[in-house]
Structures are given as structure tokens and as C-alpha cells.
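Visitor: These are the residues of each chain, in order.
2 protein chains.
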Amino acid sequence: MLPLKNARFLKALRREAVDRTPVWIMRQAGRYLSEYQAIRSQAGNFLNLCKTPELACAATLLPIKKFQLDAAIIFSDILIIPDAMGQGLSFVADEGPKFSKVIAGAADVTNLKEITPLEDLAYLDEAIRLVVKELDRAVPLIGFTGSPWTLATYMVEGQTSKQFNKIRGLMYKEPQTMHKLLAHLAQQITATLQMQINAGVDVVMLFDTWGGILADPSYLEFSLNYMHTVVTNLRKFNKDIPIILFTKNGGRCISDIAATGCNAIGLDWAADLAAARALVGDKVALQGNLDPCVLYAEPKVITAAVRQVLDSYGHGSGHIFNLGHGIPADVDPKNLEVVLDAVRRFSPSYHDQTQMVQV
Amino acid sequence: MLPLKNARFLKALRREAVDRTPVWIMRQAGRYLSEYQAIRSQAGNFLNLCKTPELACAATLLPIKKFQLDAAIIFSDILIIPDAMGQGLSFVADEGPKFSKVIAGAADVTNLKEITPLEDLAYLDEAIRLVVKELDRAVPLIGFTGSPWTLATYMVEGQTSKQFNKIRGLMYKEPQTMHKLLAHLAQQITATLQMQINAGVDVVMLFDTWGGILADPSYLEFSLNYMHTVVTNLRKFNKDIPIILFTKNGGRCISDIAATGCNAIGLDWAADLAAARALVGDKVALQGNLDPCVLYAEPKVITAAVRQVLDSYGHGSGHIFNLGHGIPADVDPKNLEVVLDAVRRFSPSYHDQTQMVQV
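Residue numbers (our numbering), protein chains in the order written: chain A, 8 to 366; chain B, 8 to 366.
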């Protein structure tokens, strides 16, 4: 593969010197952009958009062209894996995802389909190949999946939840069923990420949206344990692929996450970036963690908050600027420009410009 | 006032010797009890039940008679204060609380009504007086309100939320509006708790259900700060009233919570009880924190989990056994009996029986 024209993001993931802090934004191709709304209308609905390679490619590239971000992330959804497993995914307006089948016990796990990513998720493979071609090595491309635990929450609850009582109940009632489900999902996730790597993504990320609802020992046993499996299995055949793990509300277990062999940890807005860096030292890079709701404020408040995040990480490479969660749908895109402008203006002073190879 | 027949709960709050760990259960008079469902039907709906003193009294006493718990908690809801302020509260089936008016900016805060608890919440005063009479000092009675921040979340969002973008947006956009709202709520809450104390409650508790959605500095500034105000103002006229603060997902700030002058901290299921005790030392008692979803499991799993919580706190007084969140509506009441039985059987060994005055 040709070298990247802008390799800041990859360098920061390896904690190598950069001229400034790289930045990308979770849900950067999202509903806050009218251009995205147009692409989505063309697809008919969100799931069709994920499944139409040309449109998924257009959505992926949209924020790169508009904002010159330092990384692209393939437009997709964490729930396409359980969808391909035949769980009957649909998106109900204003209510989020729904599955027609739910996992209620051991028999449901035994009956789960094993997917062949190149067949069952061929549209994702194709979308990535289109994006790689279009990007032409301008910036790295991130591939992703949900974490085993997070996919399991949707598959057991049948939808998103406030309390997650069903899955936490199953965890206590039938821990072996949960372990069987999670081991199966870890396998499917590994295969799906391998397909994404083969198609050309430069980095992979696991989104563990719901690991943080667990007490620490349960988080380690039921969530991190299986992300660790995915990392270990990916490493066997992809020695150098950078892997980012993001557990929302996972701040208490930063050291354990860093010990999985991942390259970077994503932090939500509630995490303390300085404390996290002190804990992980030189082991991993850190990604985050501006509160997305800062983007509702005036430009000067936004700029001050960006500087605070940069200052919290401090001097040196190993920080990838991002929000602590996806950008909300009702944010003015101009306010995102304020964020990006502040990162570009103020982050160079946190990097030693003399040691740096121009990127 | 006459001495209590069962004072374990009060003794544990003061970290005085007890024969065994006291236990009560958040939402102990809840939907999991068919007897409660009957009382609720009589009231027509949940809000009417809160507002009908005889029925609220019956609901309060129901779990005391059925399970011989060590504390009663007045049957009420945290949202009756904004309701009394004229925000137009209703409960929509399966969707939870809704307010017809929402706080969107400074003008809405200026127009907020100041309540006179003895008039606007006369039904609560009357319900407490009825319960005090019926209890006849058998066990202590807990009064409660929501925290200023948590009431504000519902008043700004208009309902419960997954992301709380509106209130976090307002916090960044108009911090002074937020502070004005929170100061007003702290006043209303203090007055309402004072009325409850005057009516005869033995303990007061603040439920901060949504403080944990904030990063630590914001939590300290916008949530704990105003609970601190309530504690300080209550203390002026009620030197000895035990005060319990409960912030769900507030585990990172335990030391700050302990420094408010409260007597006990409620811990959710994700908190580490042993670590919390190590942090707070002899400063405050701790209440919690069995995962409510353990109650979906088999009796032997439940018993083992109860023993683990007792063991986590360790030897000595200062622990009040509770769940880490309200008991779910679909739990079998028999499984609650397994919890209570385990606390009664196994907790005496954590207390020095020779130092103890019989209660």
C-alpha cells in the first residue's frame, strides 16, 4: 500500500511525533449534516444506506471533504452483525433499533447462525473498497464493529434499554449462556473485522457502548474479556493493525483496557483525560473526549473547552482529539468548525515541532 | 419522641454497634408486589396514589408488614416538587413522566413558582403524619426528595432522557441560568424536607439519579454543590437528622460526597463497596449495593451475592444493606425474601456481638 498523505492519526496511535493533534469526530457523517440527510433520503432509510455501497461510500467521504478531518470512518452500524445472523433488525422512527428475535436462553444461543462476512456482509466489503479507492490514501480509514457485550445487550433486550435488566438478569441466572453467546459474538466480530482489514481499512475500533453499565468485576468478565479475545485473535494475522477500544463509562477500568494489547482507548466525556494518561503511561494512545454538548454553546466557550481537553492530555504525541460521544443531530455544523479550528490552532504548541517529520 | 423499637438503621447511620446489618430496599413498596398493584388501582394512577394520604400510607406500610424491613420510606415521588411548581406533570403509560412546561432559558427560571410545602404538598405532610402514627415507632421512617440537579434534568428535558443533551447543552450555553435554577430548587427541596422532618420522618435522603451523567468537575459544580447547600441548610435547624445522599454512578466522587456533612452515601451496584469504605473511613456510613438483577437468579446465587456484598463492606457497623437501584417490577417477591433471609442469617458475624446493646 502507498503511504498516507496525512498520517497524523496513525502516528498518534503509535505515539510517534506529529505536528499537531489529529482529530476526527464520532458520527462525523451524521444527521447534523443536511448533505447526509439528502444521502439518507436517497437510500430510503438508515439500514438501506448501510447496505448500499455507493451511498455508504458517499456518506463516509462527506465529512472528509467538508471538514478535512484526519481520519475517515466507514459508514455502517454496529447492529449489522446481529442483522446478518438473522435476528430481524429494523429501525423504528424515534425509537431506535428493534430485533424481531431475542435471546432469552440457552436454546436461542445454540440456534444462532454463523455468518460468512464476505457473503452476509458483502455490502460492507464493497463499501470499504469503494472508499479506499476514492480516498486514494488521503487519510486513514477506520473500520469498526460493536463489542461482543454491546451486541449481546441489543440481542437480549431486543432494543436499546435504560436499565438493561434482561441481560443483567441472564448474566446472573445463566452465566454459561452469556459466555457462550459472547464467545460466539467474539468470533463473528473477529471475522468481520478481518474482512474489513482485508478490504483496506487502516485501523479498527470496537464500540462498547454498554460495558459501563456493569460493576467492574462483571465488566472484566463479560465485556473486556471478549474484547481481549478479539484483539488477540486479530493480532495473530495482523501484527501491526492499530486497534482502538471504546467503552462508554469505562473510565474505572482504564488500566485493564490498556493491558489487552490494544493501541488506543477511546474516552467518553465523563473520563478525566489527564488521570487516564497518568494511569496508562506510554502503553496506549488516548482518544477523546470533549463533551458533545459543548457544541451547543457560543464559539468562545467551545474554543475554551477544546483548549481544556488539549491541556488535560498535555504535551507530546498519543492523543487523538475527538468528542466523548457521537455528535448530536441538532448541532450546528458551524460549531464543529469552531472545534476543528481550535484543535488546529492550539494543538501544535503541545507537540515538539523540531523532532517532527513533516506529514 | 419515643425511642424506636427497632433502631438498627439509625444506629448504623451513626456507625454505632448493631446486632446485624440493617436492611431496606429502594422501591420496596413497588410494582413487584401484587398488593401494591391493588392499592394503585384504587388510586386510579400513580400520581393520585402519591396525592392520597391514606393510600400513600398503606403503600408505605405494606412492605414493612410483609417483610419486617428495618426502615420504612414514605411512598411518594421525586417529581412532586416540580409538579407543585406548576410544571404540569403527568405519567404516560410505558413512557414515564412528562412535563407540559419545560425550562428552555433564563425567562422560564424567572417565572418559576415558589412553593409553600405545607399548602402545595399538604398531602405529603398528611401521609407522613398518618404513617408515623401507624408505625408507632416500630422502625424509622425515611423522607426524601430528588436532588436539585436531578429535578432540573426532568424540568429541562421535559421527560426522562438517554443523552440529556438539552440540560447539558444549557449548562454550557447558559451556566448562570442553570445555577439560578439549581439554587431555586435547592431552596424548594430544603423547605420540603423541613416539612417532612416536622411531620415526623427520622431520616432524609436525596436521590440524585442523574448526577452521574456529568464529568467530575461539572458534577461537583452543578450537582453536589447544591446537595451540599441542602445539607448545610437542613443542618442549621436539625442538628441530628441523618442525611443520606445517593448519586447513581457517582462512585468517582465518593470523597467529595462524604465531605458535604451527610451521614451516609448510597451506592449503586457498579460501585466497589470495599474501595468506597477505604476512601471514606469513619466519616460516613454506606448504603447498598446488591445488583437488583441478582434477584432474577436462583436462591443460591442470590445468597452468595448477598454474602459478597456483606463481605465487601467487612466487619463493623456503618453498613446499611440495600439494592444498588430500585427493585425491578418483574422480580418474584420470594426472591426478595431470599435476600432478606441471607442478610439476617449472615450479617451478625460481621458485628461484634459482645459490644452491642440489644435493639
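It is possible that part of the hints are untrue.
Since the list gives no way to pick out one identical chain from another, each pair is judged satisfied if it fits inside one copy or across any two copies.
[To be verified] Derived lysine to aspartate or glutamate pairs resembling DMTMM-like cross-links, with alpha carbons at most 20 Å apart: (1) K180 <-> E141; (2) K73 <-> E141; (3) K173 <-> E102; (4) K173 <-> E228; (5) K169 <-> D101; (6) K307 <-> E181; (7) K173 <-> D132; (8) K173 <-> E133; (9) K105 <-> E344; (10) K169 <-> E102; (11) K12 <-> D289; (12) K73 <-> D247; (13) K180 <-> D337; (14) K180 <-> E344.
These are calculated hints, taken from the structure and not from any lab test.
Visitor: Each hint needs a verdict: does it hold in this structure or not?
Guide: We went through each hint and held it up to the structure:
Taking the shortest alpha-carbon separations for K180 and E141, neither the intra-copy value of 49 Å nor the inter-copy value of 39 Å comes in at or below 20 Å. Only within a single protomer do K73 and E141 lie at most 20 Å apart by alpha-carbon distance; the minimum there is 15 Å, versus 69 Å between protomers. Proximity of K173 to E102 under the C-alpha cut-off of 20 Å is found in both arrangements, the shortest distances being 18 Å within a copy and 18 Å between copies. In the homo-oligomer, the alpha carbons of K173 and E228 lie at most 20 Å apart inside one protomer (18 Å), although the nearest pairing across protomers, at 35 Å, exceeds that limit.
Proximity of K169 and D101 under a CA criterion of 20 Å is satisfied in both settings, with 15 Å inside one chain copy and 12 Å between copies. In the homo-oligomer, the alpha carbons of K307 and E181 lie at most 20 Å apart only across protomers (13 Å), although the nearest pairing inside one protomer, at 52 Å, exceeds that limit. Within a single copy, K173 and D132 get their C-alpha atoms no closer than 33 Å, and across copies no closer than 38 Å, so neither meets the 20 Å cut-off. For a Cα distance limit of 20 Å, the shortest separation of K173 from E133 qualifies neither inside one copy, at 36 Å, nor across copies, at 38 Å.
Proximity of K105 to E344 under the C-alpha cut-off of 20 Å is found in neither arrangement, the shortest distances being 34 Å within a copy and 35 Å between copies. Proximity of K169 to E102 under the C-alpha cut-off of 20 Å is found in both arrangements, the shortest distances being 12 Å within a copy and 11 Å between copies. Taking the shortest alpha-carbon separations for K12 and D289, neither the intra-copy value of 26 Å nor the inter-copy value of 59 Å comes in at or below 20 Å. When the C-alpha separation of K73 and D247 is checked against a cutoff of 20 Å, the pair qualifies neither within a copy, at 30 Å, nor between copies, at 62 Å.
Taking the closest pair of Cα atoms, K180 and D337 come within 20 Å of each other only across two copies (14 Å); inside a single copy the shortest separation is 41 Å, beyond that limit. In this homomeric assembly, K180 and E344 come within 20 Å of each other (Cα to Cα) only across copies, at 17 Å, whereas the closest approach inside a single copy is 49 Å.
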